[in-house]
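Going down the list, the protein sequences come from chains D and E. Taken in order, the first sequence gives residues 773 to 1146; the numbers are from our numbering. Taken in order, the second sequence gives residues 121 to 401; the numbers are from our numbering.
These aren't lab readings, by the way, just hints derived from the structure by calculation.
With a cut-off of at most 25 Å between alpha-carbon atoms, the simulated SDA-like pairs for lysine to any residue come out as follows:
id	chain 1	residue 1	chain 2	residue 2
1	D	LYS919	E	ALA325
2	D	LYS894	E	GLU312
3	D	LYS904	E	GLU303
4	D	LYS921	E	THR324
5	D	LYS919	E	HIS300
6	D	LYS919	E	GLU302
7	D	LYS894	E	ASN311
8	D	LYS894	E	LEU323
9	D	LYS919	E	GLN394
10	D	LYS968	D	PHE884
11	D	LYS919	E	GLU303
12	D	LYS894	E	TRP313
13	D	LYS904	E	GLU302
14	D	LYS894	D	GLU907
15	D	LYS921	D	ARG892
16	D	LYS921	E	ARG396
17	D	LYS902	E	ASN311
18	D	LYS921	E	LEU294
19	D	LYS921	E	GLU303
20	D	LYS865	E	PHE316
21	D	LYS894	E	GLU303
22	D	LYS865	E	TYR230
A partial selection of chain D residues facing chain E, derived with a Cβ cut-off under 7 Å:
id	residue
23	PHE843
24	PRO863
25	TYR864
26	ASN869
27	THR870
28	PHE872
29	SER874
30	ALA876
31	HIS880
32	PHE889
33	GLY890
34	ARG893
Beta carbons: idealized from backbone N, C-alpha and C, even for Gly.
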Amino acid sequence: MAVDERIQQSLERAAESSGTPDIRLDRITKSFGDIIAVDDLSLEIPRGSFFALLGPSGCGKTTTLRMIGGFEEPTAGLIYLGEREVSGTPPYKRDVNTVFQSYALFPHLSIFENVAFGLRRKGTRGGNLKGKVEEMLDLVQLSGYGKRKPRQLSGGQQQRVALARALVNSPRVLLLDEPLGALDLKLRKEMQLFIKRLQHDVGITFIHVTHDQEEAMTMADRIAVMNEGQIEQLGTPDELYERPQTAFVASFLGISNLLTGAVAGPDEVRLEDGTTVRVRNGSLNGRKGRVAVGIRPEKIRPDDHDPNRLPGKVKERAYIGVSTQYIVETPNGNITVVVLNDRPGTVPLGPGDRLTLSWDPEATFVVDSLEGSA
Amino acid sequence: MSSIAVPTAREPNFLATVLAVVRRHVLTVYSFLFFAYLLLPIAVVMIFSFNNPTGKFNYTWQGFTWDNWRYWDGVPGIRSAIFLSLEIAVVASVIATALGTMIALALVRYGFRGRATTNILIFLPLSTPEIVLGASLLTLFLNLSFVTFGFWTILIAHIMFCISFAVVTVKARLVGFDRHLEEAAMDLGANEWTTFRKVTLPLTAPAILAALLLCFAISIDDFVVTYFNSGSEVTFPLFVWGAARIGAPAQVNVIGTAIFVVALAAMLVNVVFQRRREVRA
Ligand SMILES: Nc1ncnc2c1ncn2[C@@H]1O[C@H](COP(=O)(O)OP(=O)(O)OP(=O)(O)O)[C@@H](O)[C@H]1O
Ligand SMILES: [Mg+2]
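With the rest of the complex left out, here is chain E (with noise of 0.2 Å):
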């Protein structure tokens, strides 16, 4: 009896005891493939800024070279494309995010007639499709006879689109602010202005640093709504675009690299700023 008793016991706790190891590591497992799924392409990509290609494309890892980074605006065009593409980036991020803190100032603070109406059409950019926006715009354009095609029309175009973003990122912050604090420092003597300056600004300024990396993000590789209204300039999405139809250079790989660091580089920034903040507050 105890014979058979005891294998047949000894099943299904081995059983339990795969079953238990599989869900305790199933979280990891998990994460880990996700991980890989998100990071692979990044991976490859900066690999592959490192390669030695021999013909026209970067496809398949010849070697290891520096010579990529080391001439990173080798390739013709590419200088121009990135300074273009961050001029336009940096200008059109500063201008939205200012309108958009205003805009949102006044849509939290003040009730005027149409705010919800303006609400909504602040939500219209978002959730419109941005091939839809592109076309619209150049439309747009094209019935307006005085404008060409060129830097004005894209930075127009950028910040159009960023608004909302800005908007969207600084009302949240808003909403949560106690109004208390403004009229604590009118009581207290400060005119409208120094008001703004000395406790609304620094309130918000998180919000509103957020909402100038985000608009600057969006903008740096925005490329549908860009290639509808550039005429003949050409951004770096652009130039990656029309590069990649003949055979993609390295320095692609080089610039994305760069990119991609320098944003990973601000973030952690942003943590460790916020962290200190935090520990000091």
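Just chain D, same shape as in the assembly (with noise of 0.2 Å):
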């Protein structure tokens, strides 16, 4: 009831200013010393999406959403929260609420306090406050929690307390800095899907940092891939996923081949041992020279069905149970090939086996050469 209340609530914010992002990344620059955490970047988040900011440790995410929530002041560049360019503005005047890695709940606190707390410093009281803490609580399901300290409750506990303390607010733009870090697998999948159905009911911005490729992909409409305090390439899970601009993107989301050669032709790339293979229609997009081309293992068959052909000798097998993972040796270098175990009986290739691969050109990607990418 309240959540439907909420919806609309967040439709209408969205049709009243359509067009304005929620934020805005004007060419943002940060500098501790020599260190460049985040090197001239810009970003625009539109209302109401689920982005996610995906890099390797040390890539400037933290600082990124630091520098949005308040904790950190740009060395250059603006931020936008809307319309309003909030350079120099401490944290506690800004619309945006944190969610900290650590949680950072007050231990001193029960669990109502500390969900309250932000509704008390806006001045909200007695039945009101009441009200709406215990419908947040109920909302990430710990109704009847309100009377325990944070240490009495389990990690995954916390860390709905922690949204709930955020979200209670019903800021402009919710931040996640590695929401779901320090929980084990089984409850992070969970805990994944909650956020996201969360996201989806409450309809505020989320942007949520992150490590982990496929925590990303599974929960953000969005993914801004970052790269030493840069922006690699920014789409949708699977735009990012067939269409990978760049050999890092490529590799740091799921596992891709990548075969340098060389511009052969429109379309056509001719790889290190001669063979020529077609590659997606535009996908050269005027480069000369050498390339790498992109396949990723679940693209490409064990047979000769597809016009892109490699001869090989499969070098090593896993079974993964779903699926079987070869890794196969060709003239132009290993190449991972991952086949469905969809039709029973059929008898899988062992070492030494030879075979053909191949695949389709709208599977081929083109990324510039980079040696050294691994």
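Using the hints, put the two chains back together into the complex; each one sits in its own frame.
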């Protein structure tokens, strides 16, 4: 009921100022002494989206988030929350709330008072306060826990309190810094779905920081892949997976087979051994000279049904259950192939077996050839 | 064969048993001796507060009396000495703790120029012999011609050496303090002052309280520094010292016992309080 109301509210909010992104980062840079943590980064985050900042450790995700939250000031550049430029505005005057990685629940306050903290600052009192806090505890499935202290809750429960404490303020944007980092795998999966559903229900913009590509893909509508303080590529999960634009993105999200070669014609690349492969229409994008073509392991077939072909010999086999993974030796280096075990009774290939690999040009993307990209 | 073999086999067995008994009880014995060593002087002080001395000296047991307790201020000068000591201890510990807390916050929170130096300077009064501190303060005060020795010089001296203890105590707590808690408070709409009041202060309160008690305890029984800087004022330790030279009245034992009991009670309250906190939290 209350959730419906809030959806309604957020829809209205979205309608009244559609077009203005919730957050706009305009060429922000942050350096700590010699270290450049965030490097001339620009970004727009649309209203109501579930946005993920994905990148390896130390690439500047937390720093970016802390600048939005107001805990760090950019060395250069501007940050807009909606229409308003917020440089110099302290955290308590920004309409954003943060879920900290360590949760940062107030240990001396009860769960109820933790959640009520933000509302009390705004002067909410009495029945109104109680109603809102309890509704929120209900939303995160913790009704009845109000009297406890944070230390008396499990990690997952503390995590949900942290969510409730931030969300109860109905911020414009919710910032989540690796909120699931401290949870075990099973709980993490549960919480991923829970948070995604929550975001859908409350309709608030979420910015979720993570270094776990699977988590980002599961949860987010849009992902910005960061590397060394810059955004490598921004897009929906499937765009990033199917059409990575850099070798970094290709290998950071899932497994990629990257084969180096040279541009040989429109939509054609000649590999090092002389084989010519066709790539997806337009994916060369004006590139010349040395490039790398990429194919995802599950897009390669262990037969010659598709136009792009390479001969090879099985080097290793790993049975994964739902699929079998092969490492295949080819003249262009080792290629990882994943074959779905969807037909019972198929005799699997074994190490030493010779075979032909083939794949569709549509499944072939191109990135700049980059030495040393794993 | 066997008749000889039995006692020789028993001998080491017996020895082993004795050794085992000793080993089992050595900790008990040691603890007993340790506590006797620790508590005997205090026990003597307490017992002699009920003595009914015939002469000037309260050194041999003469008989039991309540009189010393009933007329605890029956010795000229003792009452004003006690009140002066209490007054100085209260004021000095409050001021020293307030200043010490702020210094600790600054030292832990802000990377200002000269922080390392300040850290060392804070430790200086803790490691300097008290007699040196007292003497140098005296020299300082003597050189400031407008200073008259008395209440204020004692107070200033006490605040000075208490601050270091307060800083060290509070700092220990702040070092383990999760800064994200303060950021979370600000994130939720609390400005700097509210954050301090609602988050920083409640979470450092145990350390601040500990600092307060520590300063009080150090101030109330300080002799050396006070002796140098008291002028004609007499604090309780100075009174005891003066009295001891001409024969200590049993009232000194009364006050000593009272201070001990109060300190013990404060400690117990603190322990109980901490337990309850832990159980609740
Ligand atoms: N307060 C600071 N002082 C100095 N350097 C800092 C500070 N905060 C961050 N850095 C540096 O800035 C870079 C980016 O840090 P940041 O915390 O944003 O990384 P991250 O992407 O969040 O990494 P992780 O996934 O490990 O949390 C790192 O090289 C880090 O060492
Ligand atoms: Mg981080």
